[in-house]
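A.B. asks: Fit chain B to the given chain A structure using the hints.
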Amino acid sequence: MSFAIHLVAALVIALAVPLLSALAFPFGLRRIWGFMGDRLGPNRVGPQGLFQALADSLKLFIKEDITPSGSDRLLFTLAPVIAFITPVLAISLIPFSKGFTIANLNVGLVFIVAFGSFAVLGILLAGWASHNKYSLLGGLRSVAQMVSYEIPMILNIIIIAMLVGSLSLGDVVGAQGKIWYIAVQPLAFIVFIIAGMAELNRTPFDLPEAESELVGGYMTEYGGMRFGFFYGLIEWGNVAIWSLTGATLFLGGWRGPFAGSPGWLILKVLVLTFVVIWFFATFPRLQVDQLMNFAWKVLIPLSLVNLGVTGLLIILLPDNFLPPVAAFSWVSVTAVIVLFQPVLRKALVHKRLKLNPGTRN
Amino acid sequence: MQFSTPVFYIVAALVIIPAVLMVMFRNLIYSAIAMIACFIGVAAVFVTLNAELLAASQLLIYVGAISILILFAIMLTRSRSGAVNLFFHRQAWMALPAAAALAVVLGAVLGTARFSAGDTPKNPATGNLASLLFNQYAFPFELASLVLLAAIIGTVLLAKKESRP
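The listed protein sequences correspond, in order, to chains A and B. Heads up: the first sequence runs through residues 835 to 1195, numbered per our numbering. Heads up: the second sequence runs through residues 25 to 189, numbered per our numbering.
Extracted from the complex, chain A is given alone in its bound form:
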């Protein structure tokens, strides 16, 4: 009986998180964009436009459901379902408060990364099944990008796993009682954010939906609620999962002043989602070669060095490794930020434009 209650509660939570994020985040995005662009944003439907997302969903629901001719009907229908597996399954691994995890696995970190791969699969199949060149190109582009940025993402998750000495997400939160890992490993946190933007296909890495080149990317042919499924539930559900993972790994999960509770976790998720939206409103889109160069020539070497040094420090000072790791990470993150503009960016731009070093760009 308790198993049945557990199952129902798990299903409710796993479905509520993507649903609520699909309703809340696009609305927040538009209002924050409006604020940042000195506009109003949607404010007509309900108090402060709060019911805008509901109105939009209703509109999407009553639209005609079109399957384009020439598309692969089965896969066209199945692709959003496969992509939806990621947010639903990954939520079950997140510890919401002390002893409140749907599935407390001792290898939760590996599973979070593994479930992320289903999103790639869904996007690839959606692009292929649509029978449209823009969809296919968008799907392929999206996958190349997500696979490339998965490597720095995993490397930084490994760094956290090494600091904790466990692959369980419950232990990760438990180990952050005194200090959050954002203070110990700011470098890993920054790489996690950058790689996360690329994994989520968010600006400045939203190439799969570059409308000037690819119309709507892999979801070009999806209309009505199927589009709502992709744009709302899957994209924003994945944002929610990424924020939940980031909050758990770097911001102490459900821990907070006074008492640890899911409320603190939700607050941290909102902060991280705000960062995503902020990036969205700030940065222009990169080009494909810039994107790949940045992953393979900057992020992966940086993560590998960080991984190596952190591992070495943990082996050399097994009793008290947090201060030296933090010192290394803070020094290197400062160095990266200070040197990014004069050295790294210039080298990348010069290489790209085939300019000689020393020429002004």
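A portion of the hints provided could be inaccurate.
Unchecked claim - In silico BS3-like links for lysine-lysine, alpha-carbon gap of 27 Å or less:
| id | chain 1 | residue 1 | chain 2 | residue 2 |
| --- | --- | --- | --- | --- |
| 1 | A | Lys-967 | A | Lys-897 |
| 2 | B | Lys-184 | A | Lys-967 |
| 3 | B | Lys-184 | A | Lys-1131 |
| 4 | A | Lys-1180 | B | Lys-184 |
| 5 | A | Lys-1131 | A | Lys-1180 |
Honestly, the hints are just simulated from the structure, not real lab data. All values reported here derive from a predicted model rather than from experimental measurement.
C.D. replies: Leaving out everything else, chain B in the frame of chain A:
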């Protein structure tokens, strides 16, 4: 967690049915998806054996990496609207000796294997697996990575040659 016999049969069906479908489908994309379903079934087998780490690695490597690459390659090389021509259909007769050889090997292995029935599933702790992999089997592990490295260098070389004028 203890799993009962019906659960085992369900999981076995999850592995075998997609495996058969994969061979039967004429559309390569469908075959690849059946293969992914089969890999997920294998991950389920690992879960029933209490080997969560292996299950996660199975999902991560086979579903997340290898299958995606296979799908990628099919989509980049095949025209979807074109006729589905089977690449190997002229070599069908070769399948008979190959299948016979596989049956002999599998028969020999299964004949000598000793299945321990009904005992508690082992719980391979992550630490134990790691120390086995990086101490006892460090050399084969490094050898495998060398093979992968050679494959990567080969691919880069092939891709470079094509782009040269």
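A.B. asks: A separate judgement is required for each hint: does it hold in the structure or not?
C.D. replies: Do the hints match the structure? See the list:
For a cut-off of 27 Å, the pair hint linking Lys-967 of chain A to Lys-897 of chain A stands: about 24 Å separates their Cα positions. Proposed proximity of Lys-184 of chain B and Lys-967 of chain A is supported: the alpha carbons are some 26 Å apart, at most 27 Å. Distance restraint check for Lys-184 of chain B and Lys-1131 of chain A: the Cα-Cα separation of roughly 18 Å lies within the 27 Å cut-off, and the hinted pair is therefore satisfied. For the proposed pair Lys-1180 of chain A and Lys-184 of chain B, the alpha carbon gap of about 25 Å is at most 27 Å, so the pair holds.
Our distance criterion of 27 Å between C-alpha atoms is met by Lys-1131 of chain A and Lys-1180 of chain A, whose separation comes to about 14 Å.
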